[in-house]
Amino acid sequence: MATLDDVAAPKAKRKLTGYWLILPGALWLAVFFVIPFYSLISTSLFDPKGSVLTGYDMTWHFSNYVDAIDQYKGQIWRSLWYAGVATALCLVIGYVLAYAIAFKAGRWKNLMLVLVIAPFFTSFLLRTLSWKLILADDGFVVDALQTVHLLGDDGRLLATPFAVIAGLTYNFLPFMVLPLYASLEKIDIRLIEASSDLYASPLRGFLKVTLPLSMPGVVAGTLLTFIPAAGDYVNAQLLGSPNTRMVGNTIQSLFTTQGDYAAAGALSVTLMIIIVGAVLMYVRTAGTEDLV
Amino acid sequence: MSPAAEATTSTARAGSRDLRLSQLTKEYATFTAVKSLDLVVPQGQFFALLGPSGCGKTTTLRMVAGLDTPTSGTIHLGETEVTYEKPYKRPVNTVFQNYALFPHLDIADNVAFGLKRRGIKDVKKQVADMLELVELTSQAHKKPPQMSGGQQQRVALARALINKPEVLLLDEPLGALDLKLRRGMQLELKRIQTEVGLTFVHVTHDQEEAMTMADTVAVMNQGVIEQMGAPIELYENPRTTFVANFLGQSNLIAGEIEGRDGDQVKVRVQGALASVPGDRAHSESGKGWLGIRPEKVLIAEAGQPIDAPGDVITGGYVTDVSFVGVSTQYTVRMPWDQELMVFEQNTGARAMLPVGTKVDISWRPEYAFLLDASQDAKAGIEED
Numbered sequence: 001m002a003t004l005d006d007v008a009a010p011k012a013k014r015k016l017t018g019y020w021l022i023l024p025g026a027l028w029l030a031v032f033f034v035i036p037f038y039s040l041i042s043t044s045l046f047d048p049k050g051s052v053l054t055g056y057d058m059t060w061h062f063s064n065y066v067d068a069i070d071q072y073k074g075q076i077w078r079s080l081w082y083a084g085v086a087t088a089l090c091l092v093i094g095y096v097l098a099y100a101i102a103f104k105a106g107r108w109k110n111l112m113l114v115l116v117i118a119p120f121f122t123s124f125l126l127r128t129l130s131w132k133l134i135l136a137d138d139g140f141v142v143d144a145l146q147t148v149h150l151l152g153d154d155g156r157l158l159a160t161p162f163a164v165i166a167g168l169t170y171n172f173l174p175f176m177v178l179p180l181y182a183s184l185e186k187i188d189i190r191l192i193e194a195s196s197d198l199y200a201s202p203l204r205g206f207l208k209v210t211l212p213l214s215m216p217g218v219v220a221g222t223l224l225t226f227i228p229a230a231g232d233y234v235n236a237q238l239l240g241s242p243n244t245r246m247v248g249n250t251i252q253s254l255f256t257t258q259g260d261y262a263a264a265g266a267l268s269v270t271l272m273i274i275i276v277g278a279v280l281m282y283v284r285t286a287g288t289e290d291l292v
Numbered sequence: 001m002s003p004a005a006e007a008t009t010s011t012a013r014a015g016s017r018d019l020r021l022s023q024l025t026k027e028y029a030t031f032t033a034v035k036s037l038d039l040v041v042p043q044g045q046f047f048a049l050l051g052p053s054g055c056g057k058t059t060t061l062r063m064v065a066g067l068d069t070p071t072s073g074t075i076h077l078g079e080t081e082v083t084y085e086k087p088y089k090r091p092v093n094t095v096f097q098n099y100a101l102f103p104h105l106d107i108a109d110n111v112a113f114g115l116k117r118r119g120i121k122d123v124k125k126q127v128a129d130m131l132e133l134v135e136l137t138s139q140a141h142k143k144p145p146q147m148s149g150g151q152q153q154r155v156a157l158a159r160a161l162i163n164k165p166e167v168l169l170l171d172e173p174l175g176a177l178d179l180k181l182r183r184g185m186q187l188e189l190k191r192i193q194t195e196v197g198l199t200f201v202h203v204t205h206d207q208e209e210a211m212t213m214a215d216t217v218a219v220m221n222q223g224v225i226e227q228m229g230a231p232i233e234l235y236e237n238p239r240t241t242f243v244a245n246f247l248g249q250s251n252l253i254a255g256e257i258e259g260r261d262g263d264q265v266k267v268r269v270q271g272a273l274a275s276v277p278g279d280r281a282h283s284e285s286g287k288g289w290l291g292i293r294p295e296k297v298l299i300a301e302a303g304q305p306i307d308a309p310g311d312v313i314t315g316g317y318v319t320d321v322s323f324v325g326v327s328t329q330y331t332v333r334m335p336w337d338q339e340l341m342v343f344e345q346n347t348g349a350r351a352m353l354p355v356g357t358k359v360d361i362s363w364r365p366e367y368a369f370l371l372d373a374s375q376d377a378k379a380g381i382e383e384d
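Heads up: the sequence lines are chains L and A, in that order. Mapping of the first sequence onto the working numbering: position 86 corresponds to residue 86, and the numbering continues sequentially without gaps. Mapping of the second sequence onto the working numbering: position 177 corresponds to residue 177, and the numbering continues sequentially without gaps.
Just so you know, the hints here were simulated from the structure itself, not pulled from any lab data. As the structure is a computational prediction, the values presented were derived from the model and not from experiment. Here a beta-carbon is modelled for each residue, glycine too, at the ideal position from N, C-alpha and C.
Stretch-level coverage of chain L by chain A, calculated; a stretch enters the list once three of its residues show a Cβ under 8 angstroms from a Cβ in chain A: (1) 188-201; (2) 206-214.
Per the computed footprint, the stretches of chain A lying under chain L, defined by three or more beta-carbons under 8 angstroms from a beta-carbon of chain L, are: (3) 83-97; (4) 108-117.
Let the sequences and hints guide you as you build the complete structure.
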């Protein structure tokens, strides 16, 4: 008789253990996501007439959204465009790099991985500032390009969309490389051999076997790159000009310099909804539910 | 003449699509995996490359598939040289050791893979026929990870066979299956090979598997072929101690070869004079190993008659008995301190001899073989 209890008790305990393990994460999300998110939503519905001096009233002012989208749709489009181009560049560069590390690096594999992560040891801001020096009008890159006439005499790199996209690509590349590497590394090399044994040329083998099997990495990498890139403001601020302002810059200046909390909140929520919608559509079309 | 050279002359028919390896060598930085291998696999044969792990059999297979490049030597299919041909251009397909099925494709797509890559559009009928051959029609839309090992093995076979390769390579295809399933698949593979009539080259370390399935077995050791021939020939008349021990078990007794006497070779072993048929004597002078398979050794209680024409060796006693149903396996310690294995059929003619019984042994001379004593008597004994 005792045996039944003996078996049942640990089982119940094990079930509870699961919940206990979720608790820290759930608390974290409650404190650092749910509460700020609630605060953001309510801020976005403040009366836009409020200011830091007079205070803000919560008036369910939904037209904040219409105004924000109407006024800043240029920056929103630009953000999505820049982030999209940077993500595409990261995917191409990152795939080649991850492929090389996973299949060709041999004993240099670990060293190369460390090198991919190494930039994180320096501050994000400092690294972006360094690019400002590298791309500067009197810097060696511009000089060299002008010498070979790839760039006109008054041509410049800094403060152009090129510089902003290059900065985004550079800063988010590791977020692309690491998930790609993880999924490529998992691929059994014998599957690639099998495809070549079954009449697939290296290119066909890549398209039919390697690429489909690395899709979880492609999806994870593009999300990890696109989402922060679309909301980024540091690259546009340090490497760009007023003509390359992204939505992140607008939100930042609305919050910190103009004190227009309502518009800033509405713009933030709008950006979030657009990104979540885009991500859902993307994951659905990529069709990787059973791979991720 | 070496066994490989013999095979070359006996099978080189004009217009045939034999697989021919000449002086094939694969060297790695620190060791030579395959040493100047000469081998002909006649078209339509079920051929087994048998050897312990690390003997070079898989490397040989990979070179035929094009997955490894030989250091030197050539590979021909009929008259066509394919030594450096890309794997995806060779009319050769492989059933890989762990099947290497594409996990993102369903069974039908896995099987159709090779045909589609060669630009064949309408593959439905062929895929259906092939799935029927391996009895997996109802599983066509499952993904490989949802299937059992035996089913995956059959998918791997179907995926390779559908391309009708000139040579089908099987790299330990049954290694991952449990014993019972393995026996079933052996018969299945043999049936399919007879049905489709393709050349099968089967790599295995399981001597029983090689002997039951193959028309010809080549025993490989340290990058070279030790001996090649029909299973019964290899078993009954091994040329080296490695083959004698790796294929089944052997008693090897040290002896002095006295020389040829007509079509017999005489050997003096521990005081007795034994004779070995000339075609089973692979050394004719000096020291030799007299070999006799355990089931060919006849045993009787000391002083009792033994039904054999040769000398009876006396003075042994039983040190171990194990009863395995159809037979009893005795270990007999001889006066010169060697333990011999004796397998006796349980015919019921005599009760089992208990441990400690004094016994005499003998054998029919036509079953003995004689090997050069310069070889290690323990070569090829598998330690497990």
